[in-house]
Amino acid sequence: MIRLLSMLAVLILGVPAMAPAQSGPLRIEITEGVIEPMPFALPGFVAEGSGAESLAADITRLVGEDLIGTGLFRQIGPEAFISQITNFAAPVQFADWRAINAQALITGAVSTNGSGGVSVKFRLYDVFAGQELGQGLQFEGTAEGWRRMAHKVADAVYSRITGEGGYFDSRVVFVSETGPKDNRAKRLAIMDYDGANQKFLTDASSIVLAPRFSPAGDRVLYTSYESGRPRIYLLDVGSVQRRVLEEQPGTMSFAPRFAPDGQTVIFSISEGSNTDIYSLNLSTGARRQLTSSPSIETAPSYSPNGSRIVFESDRSGTQQLYVMSASGGEPTRISFGEGRYGTPVWSPRGDLIAFTKQNKGRFHIGVMRTDGSEERLLTASFLDEGPTWAPNGRVIMFTRETRGEAGQASLYSVDVSGRNLRRVPTPGGASDPAWSPLLR
Amino acid sequence: MKQLTKVTLLFAAMGLAACTNPDRFGAGAGAGVGAGAGAGAGGAYGAGGASDPSSPAYFQQTIGDRVLFAVDQSTLSPEARAVLDGQAKWLLANPDYSAVVEGHADEQGTREYNLALGARRANSVREYLTALGIPGYRLETVTYGKERPIAICSEESCYNRNRRAVTVIAAGGLTS
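Chains as they are written, first to last, in the working numbering: chain A, 1 to 440; chain B, 1 to 176.
Read the hints as simulated data drawn from the structure, not as lab findings. Quick caveat: nothing in here was measured; it's all calculated off a predicted structure. Even for Gly, the Cβ is constructed at its ideal location relative to N, Cα and C. The reader is advised that the hints may include incorrect statements.
[As the list claims (entries may be wrong)] Ranges between beta-carbon positions, derived for each pair:
| id | chain 1 | residue 1 | chain 2 | residue 2 | range |
| --- | --- | --- | --- | --- | --- |
| 1 | A | Ala406 | B | Ser51 | 35 to 41 angstroms |
| 2 | B | Leu132 | A | Ser292 | 28 to 34 angstroms |
| 3 | A | Ala204 | B | Ser54 | 34 to 40 angstroms |
| 4 | B | Ser54 | A | Asn197 | 51 to 57 angstroms |
| 5 | B | Asp52 | A | Ala204 | 33 to 39 angstroms |
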């Protein structure tokens, strides 16, 4: 069972109110492709009251890790500090932080109430402007949910400096892989975006593939061989109860994904030699066929407003990307570069489509505008596939598999700018990640 | 006939593969080669040895339970059709058995596309066998996409063996 924290964000009052910096110097424009990470100082959060010391240290460390992990920030080591922060309420000596070239200063305090409750507050300062950026915030949670509280702080800092939504307080559902390549066991698993708190959602008794979150993050669609053939299932993340959604005799179903309304599911059905895209209304059970070409149509993904669907088809002779209306009808081809294109996913911002591209024996994760223009390849390897978007549409996670007999799958993330390629830590092999929306 | 040689060699090597290449294929490969990947284990073929022409073991080892495909293709080569002619004859002579045709792909492709491609390959075999008189109700298809390779090097010599459709004999009727 996964319990969401009731995380109450409270504005901290009692500080001189500053006008929010609209276009001050403390700003990172992500689209410009940052070359030099912004230096910040993050003195250990003050433990207010006894018993909060280790929690304060853990939270401080994780806020730093979140920010550094974006590739947009650089943390200044505490050995360089001239001032120490021992009192959250005391005025900040900006000159001391300017002297070490800290552009941003994050201060915080952690307190516990003796019955498991934890309170975390923080302030973000624009050191060179000599003022606070936004207002202080306070989060209430529990000691076991300390990581989420740290992610919330880091999301607020990231968001204020970049002007984008955050993505640290989020989770990833994926396929955990063990065993050799020719006898691999696959289980659904869920974890925090940074690989922490991994839990299994299914056992290893049948192959499972390509889980996808509902828009609220409370349910997961996936494909399983539980019945002996691929069929799509719906799993409730809290109760871990699952049910099969499609069991037409003689058919196989796979590649499910939610519509933004959380009520409609799109997926592929293979019948005979043909694979087409269907939609299914979860409340009424009404099923609708959206494509009817004799070729392979699969990997559908809705636009964030639900009006259009991008999918892959080999109707031209090779796998290419097409966009059609959510009600079906004649699709428009959008991929025209060299090679083959598959697994398109519409960005939550609506501006880009991420995809897998195969060309000259290499695999790439790439992005293009929704009309197919401005294609950019972000990665290249023996086998990269299956992009999923961070909730803010700025980072993409995907599967990378190494070649050969000892080949292993693992998760990687990369900025939409193509920078900051990182391996996402998982205890074993991992594939088919799907990023949740930002948690509430 | 390069292809034919490979196919013939493959059949000859079947059942030996696990012993001749123990490091390469590991423990799981015996079952994978024996009964087709994923589905039942080799033990399901209990009764009747490979010398009994009405045994599933004979079907698997002597007639040949699999056909191979070119990259991205689901069309049957002349060699594949020759194998399937033998399979059809056996199925006609042994009407108590049903079969599941498993379609597979190599790892050079995205997961979803390979599932659809495996379905196409399994269906090619099913259509060919039904055209030779095997009733459709005795033949199910299932795709494994790239999920169940039997050869695990990342070279054409392995890919070639993974792009396959395997006819797995099941006693009695099909369950679903």
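Outcome of the hint check:
Ala406 of chain A and Ser51 of chain B have their C-beta atoms about 39 angstroms apart, which keeps the hinted 35 to 41 angstroms range intact. Judged by the Cβ atoms, the range 28 to 34 angstroms given for Leu132 of chain B and Ser292 of chain A holds: they are separated by roughly 30 angstroms. Restraint check, Ala204 of chain A to Ser54 of chain B: a C-beta distance of roughly 36 angstroms satisfies the suggested window 34 to 40 angstroms. At roughly 56 angstroms, the beta carbons of Ser54 of chain B and Asn197 of chain A sit within the given window of 51 to 57 angstroms.
Remark: the range hint 33 to 39 angstroms for Asp52 of chain B to Ala204 of chain A is upheld by a beta-carbon distance near 36 angstroms.
Checked against the numbered hints listed earlier, the structure breaks none of them; every hint is satisfied.
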